[in-house]
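S.K.: So for the sequence shown, my numbering puts the first residue at 34; every next one is plus one.
Be a bit skeptical, because a hint or two may be false.
[As the list claims (entries may be wrong)] Derived pair list, reagent style SDA-like, types lysine to any residue, alpha-carbon separation capped at 25 Å:
id, residue 1, residue 2
1, Lys253, Thr239
2, Lys97, Arg109
3, Lys318, Ser155
4, Lys191, Val70
5, Lys97, Lys191
6, Lys97, Gly272
7, Lys318, Thr164
8, Lys318, Thr299
9, Lys318, Ala161
10, Lys318, Gly152
Rather than coming from a laboratory, the hints here were simulated on the basis of the structure.
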Amino acid sequence: MRRLTVVQLLPALESGGVERSTLEVADALVRAGHRAVVVSAGGRLEPALRSSGAEHITLAIGRKSLLTLRHVAALRQLFAQVGADIVHARSRLPAWLGLWALRGMPATSRPRFVTTMHGLNSPSRYSAVMTHGERVICVSDTVRRYLLQHYPRTDPRKLVVILRGIDPAQFPRAAHPDASARAWAADQHPALAGDGPLLLLPGRGTRLKGHQEALTLLGKLRDQGIDARLWMPGTREHGREQYVIDLETEARRAGFADALAITPPTAEIARAYAASDLVLQLSRKPEAFGRTVIESLSVGRPVVGWAHGGVGELLEELQPGGAVPAFDARRLHDTVMAFLAHPPPALATMESYTLRAMQDATLALYHDLADDRRLAIDP
Numbered sequence: 034m035r036r037l038t039v040v041q042l043l044p045a046l047e048s049g050g051v052e053r054s055t056l057e058v059a060d061a062l063v064r065a066g067h068r069a070v071v072v073s074a075g076g077r078l079e080p081a082l083r084s085s086g087a088e089h090i091t092l093a094i095g096r097k098s099l100l101t102l103r104h105v106a107a108l109r110q111l112f113a114q115v116g117a118d119i120v121h122a123r124s125r126l127p128a129w130l131g132l133w134a135l136r137g138m139p140a141t142s143r144p145r146f147v148t149t150m151h152g153l154n155s156p157s158r159y160s161a162v163m164t165h166g167e168r169v170i171c172v173s174d175t176v177r178r179y180l181l182q183h184y185p186r187t188d189p190r191k192l193v194v195i196l197r198g199i200d201p202a203q204f205p206r207a208a209h210p211d212a213s214a215r216a217w218a219a220d221q222h223p224a225l226a227g228d229g230p231l232l233l234l235p236g237r238g239t240r241l242k243g244h245q246e247a248l249t250l251l252g253k254l255r256d257q258g259i260d261a262r263l264w265m266p267g268t269r270e271h272g273r274e275q276y277v278i279d280l281e282t283e284a285r286r287a288g289f290a291d292a293l294a295i296t297p298p299t300a301e302i303a304r305a306y307a308a309s310d311l312v313l314q315l316s317r318k319p320e321a322f323g324r325t326v327i328e329s330l331s332v333g334r335p336v337v338g339w340a341h342g343g344v345g346e347l348l349e350e351l352q353p354g355g356a357v358p359a360f361d362a363r364r365l366h367d368t369v370m371a372f373l374a375h376p377p378p379a380l381a382t383m384e385s386y387t388l389r390a391m392q393d394a395t396l397a398l399y400h401d402l403a404d405d406r407r408l409a410i411d412p
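Please take these sequences and the hints and turn them into a complete structure.
M.R.: Written out as structure tokens, the structure is:
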């Protein structure tokens with residue numbers, strides 16, 4: 034296989050699933066002997082990107098301003114200078130800029146154009162640019178169906194499902210119960226001490242993550258005399274102080290503030306999974322994938338979540354008993370009670386959801402497209 038030069042486009046390198054996937058693919062490219070170039074406004078993940086051997090070009094291609102259009106010429110020049118074989122856009126505004134830059138290049142030297150749909154963006158002409166790749170990577174079957182539903186003119190043959198994946202070594206199987214992990218959790222917050230069941234709801238500090246439903250569930254369990262605890266790692270973050278105060282106030286009024294831990298993000302999320310008895314995924318808005326599901330199951334902890342979006346898709350395949358009709362509080366309670374009483378067996382394997390599988394499939398797509406000399410950019 035010949036050496037490729039792949040340029041990935043995204044707004045910034047701060048945090049999130051888009052950024053994580055960008056670094057993972059760049060690392061795989063470098064390890065395979067290819068050249069990986071990333072264009073973004075930069076951010077805290079830039080040192081990690083560079084340490085992998087990838088290159089970074091700083092351009093604010095995610096800033097929503099008319100001034101951003103000036104970067105089209107810079108991108109066109111960059112693609113030509115580095116001899117790009119593939120341009121891979123991972124967000125809408127960078128995709129528009131990349132597409133315009135490519136259209137101004139001679140057909141004989143024009144790189145191939147790939148996009149990835151990382152989320153279920155609201156359908157619009159602006160969002161439609163993500164369907165203009167010569168190959169469109171969908172991070173789940175949910176995303177593929179969403180695209181075909183809202184953009185019916187899209188050629189289904191160019192939609193390629195490449196599932197997100199995790200490194201199993203970072204989420205190793207843990208014994209259940211894990212006394213060491215539970216003791217570590219108790220050191221993180223006094224509410225996590227005790228021998229009762231520990232429920233985990235990881236996620237950002239936004240109502241979309243289902244914190245209200247989790248509090249209602251906790252209240253019901255404790256009303257039944259169950260010494261349940263609820264941990265929300267990642268919810269306490271800058272700019273969300275009032276939201277956290279509201280959650281804690283509600284818990285105090287309901288009488289279970291001492292059983293609720295709302296903490297900042299943790300770099301040891303795998304250990305948090307191991308400390309828990311059950312993981313909740315209650316996002317009110319359907320998600321494109323639902324990485325916490327496969328992370329939790331890799332550690333060996335059952336997941337209960339709403340049966341919609343990517344989370345519902347994963348649960349239906351990997352642990353059907355944990356899929357609850359969306360927003361059905363009674364079924365949520367009954368399922369959690371059943372899982373606490375009789376935890377489902379841990380999965381024997383999750384080969385389809387490994388980081389290596391995702392990287393290999395992405396590089397194979399790059400090679401197939403680069404070797405196909407038919408040059409066609411979607412109008």
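S.K.: Hints the structure violates: just list their numbers, smallest first.
M.R.: 5
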